[in-house]
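Chemist: The whole structure should be built from the sequences, with the hints applied where relevant.
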Amino acid sequence: MSRKKKDPIEMFHSGQLVKVCAPMVRYSKLAFRTLVRKYSCDLCYTPMIVAADFVKSIKARDSEFTTNQGDCPLIVQFAANDARLLSDAARIVSPYANGIDINCGCPQRWAMAEGYGACLINKPELVRDMVTQVRNQVENPGFSVSIKIRIHDDLKRTVDLCRKAEATGVSWITVHGRTVEERHQPVHYDSIKIIKENMSIPVIANGDIRSLKEAENVWQITGTDGVMVARGLLANPAMFAGYEETPLKCIWDWVDIALELGTPYMCFHQHLMYMMEKITSRQEKRVFNALSSTSAIIDYLTDHYGI
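Using numbering that gives the first Met the number 0, the first residue of the sequence shown is number 0, and each one after it goes up by one.
Keep in mind that the hints are not guaranteed to be accurate.
Claimed, not checked - Here are the computed lysine to any residue pairs in the SDA-like style, where the Cα-Cα straight-line distance is at most 20 Å:
| # | residue 1 | residue 2 |
| --- | --- | --- |
| 1 | 284 | 294 |
| 2 | 37 | 15 |
| 3 | 192 | 234 |
| 4 | 37 | 256 |
| 5 | 248 | 287 |
| 6 | 55 | 113 |
| 7 | 277 | 249 |
| 8 | 37 | 55 |
| 9 | 155 | 140 |
| 10 | 37 | 259 |
| 11 | 195 | 159 |
| 12 | 248 | 210 |
| 13 | 155 | 190 |
| 14 | 284 | 267 |
| 15 | 284 | 304 |
| 16 | 192 | 15 |
| 17 | 163 | 80 |
| 18 | 212 | 234 |
| 19 | 277 | 299 |
| 20 | 277 | 251 |
| 21 | 284 | 299 |
| 22 | 58 | 84 |
| 23 | 284 | 273 |
| 24 | 284 | 303 |
| 25 | 5 | 29 |
Note that these hints are calculated values from the structure, not bench results.
Modeler: As structure tokens, this is what we get:
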């Protein structure tokens, strides 16, 4: 199965808002990507995959990375701290994806302890080596290599990192507008704007976007080329199509897609819990969240919402 007709780089140069589904551990898998693509999502990322495990284990490859012909354009996000392992992982996925993304933004302690994620924003030479190795290993010149970062307290350091990444041949940069220490503090959209003003390559804004209107506002404020959304899409996979809350059709679309692709029950149920958060009462949530089989869920949805 060769990839892929739509080119993200062309999208970013179109002058239109590019709407992106973020890499979400456990959640941004094939079935969910299929769903959000039905509702105006332009580009999807896989969940973060640890490159070393992916290269060493066939089992890890089979469980971590699934795709199909309609799953495009697609970016595979890797956690890595070794240029050779990352380039090996990129070579494996290159026939099936449009590009890879290096996670330089995950603030979780385990990732930082392993030398992955946000600690890489302090290691521009390692990022340069990883990008260079992937470029050397993957023969397809259209294969993108991007990075997703958080910002430093001193924004000059972030701008310097981004300029070095651009000089190395990074295709685009996604900026989550918080520092490593910040979790729920307001997003620094002004910092994303400054980074964009210093770059010639595309920049994607990320952080706390919950509706299409907010996405359009952030796009305008920052001057970026696209916006990336995580939790907003979990709560409302139809967000990019302009819906304020998850429409019932989207819920039934999820049921159909998840069953067709063989989604594990826990994942199937969890996504529905997120989607229905705003449209169910506390009592309904208690009942729905306690359901323990696919058939019970379908019966519940049929009884309460019809088809």
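Chemist: For each hint, tell me whether it holds in the structure or not.
Modeler: Verification of the hints:
For the hint linking residue 284 to residue 294, the alpha-carbon distance of about 17 Å falls within 20 Å, and the restraint holds. At most 20 Å may separate the alpha-carbon atoms for a hinted pair to count; residue 37 and residue 15 meet this at roughly 18 Å. Between the alpha carbons of residue 192 and residue 234 the distance comes to roughly 27 Å, so the proposed pair goes past 20 Å and is violated. For the suggested pair residue 37 and residue 256, the alpha carbons sit about 11 Å apart, so the restraint of at most 20 Å is met.
Annotation: proposed proximity of residue 248 to residue 287 holds, straight-line Cα distance about 18 Å (limit 20 Å). The straight-line distance between the Cα atoms of residue 55 and residue 113 is roughly 17 Å, inside the 20 Å bound, and the hint therefore holds. At roughly 14 Å between alpha-carbon atoms, residue 277 and residue 249 fall within 20 Å of each other, so this suggested pair holds. With a C-alpha separation of about 34 Å, the suggested pairing of residue 37 with residue 55 is violated against the 20 Å cut-off.
For the hint pairing residue 155 with residue 140, the CA-to-CA distance comes to about 31 Å; that exceeds 20 Å, so the pair is violated. Distance restraint check for residue 37 and residue 259: the Cα-Cα separation of roughly 15 Å lies within the 20 Å cut-off, and the hinted pair is therefore satisfied. For a cut-off of 20 Å, the pair hint linking residue 195 to residue 159 stands: about 12 Å separates their Cα positions. A hinted pair counts as satisfied when its Cα atoms are at most 20 Å apart, and residue 248 with residue 210 qualifies at roughly 18 Å.
Using a Cα cut-off of 20 Å, the hinted pair residue 155 and residue 190 holds, with the two alpha carbons roughly 10 Å apart. Restraint check: the Cα-Cα separation between residue 284 and residue 267 comes to about 16 Å, which is no more than 20 Å; the hinted pair holds. Annotation: proposed proximity of residue 284 to residue 304 holds, straight-line Cα distance about 14 Å (limit 20 Å). Annotation: proposed proximity of residue 192 to residue 15 holds, straight-line Cα distance about 17 Å (limit 20 Å).
About 18 Å separates the Cα atoms of residue 163 and residue 80, which keeps this hinted pair within 20 Å; it holds. For the suggested pair residue 212 and residue 234, the alpha carbons sit about 15 Å apart, so the restraint of at most 20 Å is met. With a CA separation close to 17 Å, the supplied pair residue 277 and residue 299 stays within the 20 Å bound. Between the alpha carbons of residue 277 and residue 251 the distance comes to roughly 16 Å, so the proposed pair stays at or under 20 Å and holds.
As the CA atoms of residue 284 and residue 299 are separated by approximately 12 Å, the hinted pair is consistent with the 20 Å bound. Proximity of residue 58 to residue 84 is assessed by CA-CA distance (about 17 Å); at most 20 Å being required, the pair is judged to hold. Between residue 284 and residue 273 the CA atoms are separated by roughly 10 Å; this keeps the pair inside 20 Å, and the hint holds. Taken as a hint, the residue 284 and residue 303 pair is honoured in the structure, with Cα atoms around 12 Å apart against an allowance of 20 Å.
For a cut-off of 20 Å, the pair hint linking residue 5 to residue 29 stands: about 17 Å separates their Cα positions.
Figure legend: structure checked against the earlier numbered hints; hints not met, in rising order: 3, 8, 9.
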